[in-house]
Amino acid sequence: MLMRTDPFRELDRLTQQLLGSGTWSRPSAMPMDAYREGDEYVVAFDLPGVTPEAIDIDVERNMLTVKAERRPVAKADEVQMELSERPLGAFSRQIVLADTLDTEHIKADYDAGVLTLRIPIAERAKPRKIAIGGESSPRQIRG
102 MLMRTDPFRE LDRLTQQLLG SGTWSRPSAM PMDAYREGDE YVVAFDLPGV TPEAIDIDVE
162 RNMLTVKAER RPVAKADEVQ MELSERPLGA FSRQIVLADT LDTEHIKADY DAGVLTLRIP
222 IAERAKPRKI AIGGESSPRQ IRG
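Here the sequence shown is numbered in the numbering used here, starting from 102 and rising by one per residue.
Hints are computed from structural coordinates only; laboratory data are not their basis. These numbers come from a predicted model, not from an experiment. There's no promise every hint is true.
Straight-line Cα separation of at most 25 angstroms, DMTMM-like style, residue types lysine to aspartate or glutamate; simulated pairs [as the list claims (entries may be wrong)]: (1) Lys230 / Glu161; (2) Lys227 / Glu205; (3) Lys168 / Glu224; (4) Lys168 / Glu186; (5) Lys168 / Glu179; (6) Lys208 / Asp134; (7) Lys176 / Asp210; (8) Lys168 / Glu183; (9) Lys168 / Glu141; (10) Lys230 / Glu138; (11) Lys208 / Asp159; (12) Lys168 / Asp134; (13) Lys208 / Glu161; (14) Lys227 / Glu186; (15) Lys208 / Glu141; (16) Lys208 / Asp157; (17) Lys227 / Glu138; (18) Lys227 / Glu161; (19) Lys227 / Asp134; (20) Lys176 / Glu186; (21) Lys227 / Asp140; (22) Lys230 / Asp200; (23) Lys230 / Asp212; (24) Lys176 / Glu154; (25) Lys230 / Asp147; (26) Lys168 / Asp200; (27) Lys168 / Asp147; (28) Lys208 / Glu138; (29) Lys208 / Glu154; (30) Lys168 / Asp212; (31) Lys168 / Asp203; (32) Lys227 / Glu141; (33) Lys208 / Glu224.
Could you put together the complete structure from these sequences and hints?
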């Protein structure tokens, strides 16, 4: 077996053992990207190894909460674990959404371990032209 030396791998492993994996009362953070694409905001969360059933998405007012749990894979009795680096447990992330986003029409997709949320921009926040009103017939000034 080919081994590559990483001086910080053992430190990371010890830290994970001491602090433990995430729990629902103290979840670990999950990495994410957020960007605007046309008329919607896109937020992508990395959740490899998490089943869609273990993901919970809530929106309350303008607070978006994503929770997920990566559970250990069931192993046979004769299996002896040699190395375990993939974190298990609960993961959570909260994002405050702007009032200009339409939280009623959020779409969620999960593919290849990435949860992608698409949040449309509210109609009231989109740029628009304002028509100028006035009298329809021209007036003459008499002097």
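Point to revise | Straight-line alpha-carbon gap Lys208 to Glu154, limit 25 angstroms | key: holds (16 angstroms)
Check your understanding: Is Lys227 within 25 angstroms of Glu141, Cα to Cα?
Key -> holds (11 angstroms)
Check your understanding: Is Lys227 within 25 angstroms of Glu186, Cα to Cα?
Key -> The given pair, whose Cα atoms are some 46 angstroms apart, is violated under the 25 angstroms limit.
**Study point:** Hinted pair Lys176 and Glu186, Cα distance within 25 angstroms
**Key:** The given pair, whose Cα atoms are some 16 angstroms apart, holds under the 25 angstroms limit.
Point to revise | Given pair status - Glu138, Lys208, alpha carbons within 25 angstroms | key: holds (14 angstroms)
Review point. Does the alpha-carbon distance linking Lys230 and Glu161 stay inside the 25 angstroms limit?
Key: violated (32 angstroms)
Check your understanding: Does the structure keep Lys168 and Asp147 at a Cα separation of 25 angstroms or less?
Key -> Satisfied, since the Cα-Cα distance of roughly 12 angstroms is no more than 25 angstroms.
Practice item. Assess, step by step, whether the Cα of Lys208 is no farther than 25 angstroms from the Cα of Glu141, and give holds or violated. Key: Given that 25 angstroms is the threshold and the Cα spacing comes to 10 angstroms, the pair holds.
Exercise for review: Given the hint that Lys168 pairs with Asp200, test it: the Cα-Cα distance must not exceed 25 angstroms.
Suggested key: Judged against 25 angstroms, a Cα distance of about 22 angstroms means the pair holds.
Check your understanding: Taken at face value, is the distance from the CA of Glu224 to the CA of Lys208 at most 25 angstroms?
Key -> The hint holds at about 17 angstroms.
Practice item. Would you check the hint for Lys168 and Asp212, treating anything up to 25 angstroms between C-alpha atoms as holding? Key: holds (17 angstroms)
Practice item. Given the hint that Lys227 pairs with Glu205, test it: the Cα-Cα distance must not exceed 25 angstroms. Key: holds (16 angstroms)
Hints 1, 3, 5, 7, 8, 14, 23, 25 from the earlier list are contradicted by this structure; the remaining hints agree with it.
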